[in-house]
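J.: Taking the hints into account, I'd like the entire structure generated from these sequences.
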Amino acid sequence: MKATAERLENNQVKIDVEVDAEQFSKAMDQAYRKLVKKVSIPGFRKGKTPRVVFENFVGKATLYNEAVEIVVPDAYMEAVKTTGIEPVSQPQLELVQVEEGKPVIFKATVRVKPEVKLGQYTGLQVTKPVSEVTGEDIENELKKLQERHARLANLEEGTVQQADIAVIDFVGRQDGVEFEGGSATDYSLEIGSGSFVPGFEDQLVGAAIGETREVTVTFPEDYPNEDLKGREAVFTVTVKGIKRKEIAELDDEFAKDVSEFDTLEELRTDLANKLKEAAEKRAQQQINSEAVKKAVDNAEVDIPDEMIETRLEEMIENMERRLMQQGMTMENYFKYTNSSLDELKNSLRDDAARGVKTTLVLESIAKQEKIEVSDEDLENEIIRMAKNYQQDPKVLRKILEGQNQLEYVRDSLQQQKTIEFIAGRAELVEGANQKEAE
Amino acid sequence: MKNPRDILLKPVVTEKSMSLLQENKYTFIVDLKANKIEIRQAVEELFNVKVDKVRTMRVKGKFKRVRNRPGKTPDRKKAIVTLKPGNKIQLFEGV
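Chains as they are written, first to last, in our numbering: chain A, 1 to 438; chain B, 1 to 95.
Zero decoy hints are in this set.
Here are the simulated SDA-like pairs of lysine to any residue, each with C-alpha atoms no more than 20 Å apart in a straight line:
{"#": "1", "chain 1": "A", "residue 1": "Lys-38", "chain 2": "B", "residue 2": "Glu-15"}
{"#": "2", "chain 1": "A", "residue 1": "Lys-48", "chain 2": "B", "residue 2": "Glu-15"}
{"#": "3", "chain 1": "A", "residue 1": "Lys-14", "chain 2": "A", "residue 2": "Lys-113"}
Derived, one-sided and incomplete: chain B residues facing chain A with beta-carbon distance under 10 Å:
{"#": "4", "residue": "Val-12"}
{"#": "5", "residue": "Glu-15"}
{"#": "6", "residue": "Lys-16"}
{"#": "7", "residue": "Met-18"}
Everything labelled a hint here was simulated from the structure, so no lab data went into it. Here the structure is a predicted model, which is why all the values come from computation and not from measurement. Cβ atoms here follow ideal geometry from the backbone N, Cα and C, with glycine treated the same way.
T.: Below, the structure is given as structure tokens:
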């Protein structure tokens, strides 16, 4: 097989490929063997027709077509490999010569990855994010802990107050008629949670245990149930019990209960450390993404539409998967948001273009700076992933290999390394200075 | 003599006749009234080969019905012509 590549405008490459005559006649044989099983010719059982008779009957062109389909894709893949181009779209094929006993010649035109003109990517000015942890943050965190560990205490007597959980029976009537979904017994309702129709919870405030109240509410206009929306309903509510949240005191006792620490002071420092760590991580991420954004902005790429479209498809597929996990289908989603696939595509197109550009830029920086992922790195990453999935690293490796995902892991590692490279060489600028500079 | 094309009507192209080619036997549908001698002469003249022997058989037409009216496809005569070794016929012109 011979192949020559020629660069055209617009990131297109034309490849001329010549397939040996011998290879082609082999393909013809294959094609005959495949087709002869499908065609019934009078006088012969299926698959028993001799080649000569078969060719006369169906015509040589049919065999040619089939053989071309066998031989061309392989030849194209090989040509891509030998010429070292990186296609991003399906090739447009043009057959030049197809005849038995002669080499097959075809031309393939395909879009390739565009060349990236890198701009500045070291010493980028990046705003240094604030990553300090204040005492207030720690107190907030403590308060959250308190809330989380609050105990619900049954009240013997008393009246419903805000933030209480009232155990109620209720029967809803509309014009004196009970309606579906309007009744329940032993329902735990948190007052002030807003989980019921507005007004319902407020009207219960002040009710004592055992008291029965009539609650009148108007369903809002945007209520999902067609029969109920905008209409008035009367609920007969009996309060059966009240539970009140009891928030523990902030003391050493509390610290012992909620953590492995003995004193409140220890808990506090631990929280401070954790918060600080998180804040630093966030800050680093901010630096990373800003540095990458700047490097990408500085670079110039002529992105082929096909790449954007492919990325778009990926994004939409991802989204569909996410929706599926939430038990929603794409159609439902469009119905709810009142949009269509085209609209969604349009709104995502910029993001997709940006994503493609980022990938391309990072790739070419990695190439330029010879950032490579060693087998050792890959191994470490797999071990890390295995820990996350709680799996044996060897098993995970096999799975990844089986799904051809190893390369993907390697790529994303390389991307990660490149990002670190850019961020590591970026110049950090204090937030205030940045503002003055502008 | 009759025109050889009036005697040899068409070759028989079936799995069976194709396997007979291995034994240098060629199968034709021939005129119902043709005899073995005429067939031998016709083959020799038309394809320029030497014929060893000729076997013939009458193939009775099949009874068919069209809208329950009985009918019959025509009888035919089939001839299997064995050529002398070294002779060959290129006979695949389609029909």
